[in-house]
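**Q** Residue numbers (my numbering), protein chains in the order written: chain A, 264 to 349; chain B, 233 to 815.
It is worth saying that the hints were derived from the structure and are not from the lab.
Any given hint could be a false lead.
Stated by the list, open to error - In silico negatives: residues of chain A with every beta carbon more than 10 Å from chain B:
#1 Glu274
#2 His277
#3 Lys286
#4 Ser293
#5 Lys307
#6 Ile309
#7 Lys318
#8 Glu322
#9 Pro330
#10 Asp331
#11 Ser336
#12 Asp341
#13 Asn344
Said to hold, decoys possible - The calculated DSS-like cross-link candidates involving lysine-lysine, where the alpha carbons are at most 25 Å apart (straight line), are:
#14 Lys319(A) to Lys348(A)
#15 Lys366(B) to Lys318(A)
#16 Lys319(A) to Lys305(B)
#17 Lys287(A) to Lys324(A)
#18 Lys286(A) to Lys492(B)
Said to hold, decoys possible - Distance ranges between label pairs, derived from CB positions:
#19 Lys348(A) to Gln485(B): 52 to 58 Å
#20 Asn344(A) to Ile352(B): 31 to 37 Å
#21 Asp648(B) to Gln321(A): 36 to 42 Å
#22 Lys269(A) to His384(B): 44 to 50 Å
#23 Arg337(A) to Glu358(B): 34 to 40 Å
#24 Asn344(A) to Pro501(B): 52 to 58 Å
#25 Glu265(A) to Glu311(B): 48 to 54 Å
#26 Ile519(B) to Glu265(A): 42 to 48 Å
#27 Gln321(A) to Gln488(B): 56 to 62 Å
#28 Ser309(B) to Gly300(A): 27 to 33 Å
#29 Met707(B) to Gln321(A): 23 to 29 Å
#30 Lys348(A) to Thr482(B): 38 to 44 Å
Since this is a predicted model, take the numbers as computed values, not measurements.
For every residue, glycine included, the Cβ atom is placed at its ideal position computed from N, Cα and C.
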Amino acid sequence: MELLLKIKNAEGLHARPAGILAKKAAEFQSNIQISAGGQIKSAKSIMALMSLGLKKDQEFKLIIDGPDADSASRTLSDLVNNEFKA
Amino acid sequence: MSIPSSQHPFTPKWMATGVSKGIAIGMPLVLHSPREIESRRSFQSVPAERSRFESAVRIVASDIEHLIEKTLKEVGSEEAAIFEAHLMMIQDEELRGPILNLIESGSMIPELAIREVFEIQIAVFEAADSDYLKERALDLKDLERQLQAALHPETRPNLRFERDGILVAEDLTPSQTLLLDRSRIKGIITEKGGETSHSAIIARTLGIPAITGVADAIASLKNLKMLAIDGKEGSIFEIESNHERDYFSTRMQEDQSDSKSLEAYKGKPSVTHDQHSIRLMGNIGGISDARSALESDAEGIGLFRTEFLFMGRKTAPSLSEQQKAYSEILNLFPDQEVVIRTLDIGGDKPIEYIRIAKEENPFLGVRAIRYCMKDLPLFTTQIKAMLLANSNGNLSIMLPMVSRAHEAREIRALIDQCHEELRKLPEYRAMPYKVGAMVEIPSLIFELKELKDCTSFVSVGTNDLMQYSFAVDRMNPELRGLYTPYNAGFLRMMNLLASSALDAGLSLGICGELGGQDDLLPLWVAMGFDKLSMTPNEVLPKRRLLSKLTTRACQGVLREVLAAGDERQIRLILDTFHRGLES
């Protein structure tokens, strides 16, 4: 399943939000990848998320595949839309 | 140039920059810097190398966890968040996976595997089109250094010490500073660093002497049995005889009992013997200085230099970032005045995003308000951040480099306009604020009456005022003899400045170095200054000295000094007066 999302927080995908997102993604069994700017990386890795350098209002896709994909997609899109306030 | 000399009856082995005063004696405690990567170690076996790597990660992780805990307790959750990200980074699969792969399939020792994988990741961050990521590349370098050091636990910097002594290090990183066993450290010597380095700040906070800029300190000092340092004059002595040891031990005790007797002045008013009061305030560059000002019982902040917020970065700090920084300090002194100076930069202090064309004479060029008025978005952002942070109504905005009343009038109007614009925001508290000017350019002394129409205080920046009055570059060692306050012309000018400011009804202060100098204090009292702002650790000594003065005696000294002919005579008058106080 694919989710199209947008960064809403002012600072963009800095260390702190990237850490929060990676931590949350790692709680799911599903394989979760992030696609942005022509790159596809693991969304469970803080390094990978940070290195995309996503800024406010930039769009990205989460590609989720696995047994708990439904709840993962709900949880992760809420997290992004709530500006990573866990 | 004269050879620096020591006031102690021994010859110092080294003289460098004293950044925190006091005397300490003790054995050297050497903090080794992480060594070069050991690339020639031979590969043992996959399980052995793999477990070396895993245990290095565990060591660094536990150090970081310790840091997080300490930061949460001592600083705050926001500051701890960056260390939490570090913890995730070193355990991240993107780094671990390739490193383990190189160890297992490539028979590479962890030292080199870590090097290779980090190098790639650092390059990715450095190449990014984001200043933020470029800065994070530095974090990765620091993490790599920690991992490399953890692979060799036997040579890891030891941050705990068995005995008291004087710390000798190349430089202190923020993480080392936080993890250091402070109870053992009686003094600090570092090879690198200056006034604002971590070692200097931590030493001033701990109230222990520190000296920086001692080239090859580790190599030259590590084998000495005992040393003594004087952090005021920046001298280091090797202790070889009992005689020397007794001398410095006594001086250290005197020094400590002196600082104990100073404690008695905490919470007391700053008044002369005959109850004439003067406010003693702190000069600061950021929040950690502000905390030491609070600790030293300063009566507010007389100068907050905002330059540090703007330096060492690629873009200007945002409105909210500045607002947060100013709030922290304004809230530390909710009932006392906090004077924040607007950005004071010039062509001599290059900041990447501030474009000042190359100038022949940066000190006479586009600097401070002259620059700010040409970059209104930057200037109004700073002004608005200050106003938004002013929730207690204790804010004073101070303008540097004012050469004529007209400039102050224009900026006053700009500040009031920012205030009006902010009123539209529901969250703006619209508390009262003051505006004042620094007097550092002599021409302004003759326009104080006009200045009163748009400002309520002046504060003398004595360093620049001397420089501009004598036309002497204070950094030029050849001209050191000309850059001195012990000159009748300069002191008469200060006297004229003071009486004109008082006539005009302006509140009158000093925030330059001369404001914290013992021998000149009687002159400032007699001239009628009502605020003196200084390095925080000078506040209590000044309060004690003030209590020994009477306004009458001060006026007497001032009369004598103003009538004196030459520098030698002025020094003699001040010296004699001081000796009279001590006896």
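**Q** Hints broken by the structure, by number, lowest first?
**A** 1, 2, 3, 5, 6, 7, 16, 18, 25, 29 and 30
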